[in-house]
Amino acid sequence: MTRKSVLGVFVPLLAILHFLLHVGLEIEGAAPDFLTLAVLLGARVSGMGLAGALGFLFGILEDAFSVLAFGANTLALTVVGILGARTRDLFVGDSLRFFFVYFFGGKLVRDVMYWIVAGETVREPFVAGVLVDGGLGALYVAALGTLMVFLLGGTRPIR
Amino acid sequence: MASYTDPPEEGRGRRDLTVALVFLFFAAVALYLPDPLQSQVAEGLRRSVLRPFVATQVALAQARLRAENALTLQAQLDSLASVVAAQASLVEENRRLREHLDLDDRSPGTFIHANLSRPRTTGSESMFLLDVGSNDGIRSGDPVLMRNGGIGLVGVIREVTPDAAIGIDWSHPDFSASAMTADGEVFGFVEPRRGDFRGGDRLLLSAIPYYEPLEAGTLITTTGQGGVFPRGIPIGEVLELHEDFGEYTSEYWLKPVVETGSATHVLVVRADPSVEQLMQLLEGGEEDAPAEGGGGP
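Protein chains in written order, with this note's numbering: chain E, 1 to 159; chain Z, 1 to 297.
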C-alpha cells in the first residue's frame, strides 16, 4: 500500500461509502462512521496541512445535512485530522494494536469535539451521546479500521 | 519493524502547520457564519457534490412507495370513500349554515404529497428532506402531516429550494405548537423534550390550568392559532402528569401520534391564504414570523 493509494483511492472510497450508506440508503447506527475513518487513515500518511484540509472537506460535506449545528462536524473533523497527523511525530506505530487504539481514540475525540461544539440544544446528554453511543461507535470504527489496515498490508512500509 | 508511515521531511513542518491553522480557522468561521450563508453553503453542497446520494435516497423512497401492497391501498381507498360518503350530508349542512350566518367559505388549504427521507448523518437528527420544493408551491413554514395510518403532525418546513425542502420534526428544539384537547375545552402549549437517549424524545404539554386535570389517553390537537398549523391536527395523547405548579398550571407528557422515524410518505399543507392575509394585517404587513412552529423563514 502506497501513500498515493491511501490518499487517492481508499480515503475517497471510504467517504463515498459513508454518504452512500448514511444518506443514500438511510442506514444510521448499523453503518460505521467511515468519514472519520477516512480522515484518520489519511492523516496517518500525510502532514497536518493535508490532514486538516481532508477533515475540513469531509466535515463540511457532513454539515450540509445539519440545520442547527452547521460547522460542528467541520471543526471536529478538522481537529481530528490535524491531531491524527500529529501522532506521526509522536508515535511510530505500525502494529495492529496501535491502529486499533489510534482509530478508537480518534473517533472518540471526534465525538467529544462535536459534543462540545454542537451546543446544548442540539447535543444529547454526555453519557448517552459520548460515552455510550460514542464508545460503541469508536469500537466499531476501530475494529473496521484495524481490519482494513490488516487486509491492505498496513504493517509494510509506505513507499 | 518498518514504519507504516513515511518519515516527515525536513522543513515541511512549518508549512504544514500554517496550512493546518488556516483550515482550522476556516472551520471556526463556518461555525459562526450567519444562518442564511450557512444555508446557502449547505444547499450548494447538497445540489452538487452530494446530489448523487440525495438522488439515491429519493429514488429508493419512490421505489418503496411503488412497492406498497395494492390490496392495502385499495382497502384504505374504500375506507376513505365510505367516510367521504357519510360526511357528504354534513358538508352540505355546513355550507347552508355558513350561508345563513353570512360566513365566507373556509379554505382547508391544499395538501401536497411528498416523500420524506432522512440523511442519518451526525447533526442531522430531527430534520428531514422532502422531494418537493417551491416549484410545487411549498413554502417555508408549511406544516407536514403523516398520512399513513392516521393523520398526525410530523413537523414544519424550514428551508425550501426549487425542487426540494428541508423540514424539522417535532423532536427538534425549535419546534412548538399551540395545542388543545380534541374537544376544544382545554388549551396549552406543546414543546419537545430530549430523552436520555436518542429516540427517547417526548413532547411536553404545558400551560394547562391546574383545575383542568387531563386523563391519560386524551387526544391533543393543534388549535390553529398562529396561522402555522391547521386546527385539529392530532399531535399526541396524554401519558401522565409531569409537574403540577400548585395553584397555577400543570404539565403533561404526551405520546406523539407520529413516531419521527416512521414517517416516509407525508402531506405538506400549503397555508390557508385567508389566515395568511389576516396574519399580515395583524403584523402590519410583515410576511413572516409565525407565532408557533419554529419554522418561520
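Just so you know, the hints here were simulated from the structure itself, not pulled from any lab data.
Warning: the hint list may mix true and false statements.
Straight-line C-alpha distance at most 25 Å; calculated SDA-like pairs for lysine to any residue [said to hold, decoys possible]:
{"hint": "1", "chain 1": "Z", "residue 1": "Lys255", "chain 2": "E", "residue 2": "Val122"}
{"hint": "2", "chain 1": "Z", "residue 1": "Lys255", "chain 2": "Z", "residue 2": "His242"}
{"hint": "3", "chain 1": "Z", "residue 1": "Lys255", "chain 2": "E", "residue 2": "Glu28"}
{"hint": "4", "chain 1": "Z", "residue 1": "Lys255", "chain 2": "Z", "residue 2": "Leu214"}
Hints, verified against the model:
1. Taking the CA atoms of lysine 255(Z) and valine 122(E), the gap is near 21 Å; set against the 25 Å cutoff, the hint holds.
2. For the given pair, lysine 255(Z) sits about 13 Å from histidine 242(Z) by alpha-carbon distance, which is consistent with the 25 Å threshold.
3. Of the pairs offered as hints, the one joining lysine 255(Z) and glutamate 28(E) holds, with about 24 Å between alpha carbons and a cut-off of 25 Å not exceeded.
4. Straight-line distance between C-alpha atoms of lysine 255(Z) and leucine 214(Z) comes to about 14 Å, which keeps the hinted pair within the 25 Å bound.
In the structure shown, no violation is registered for any of the earlier numbered hints.
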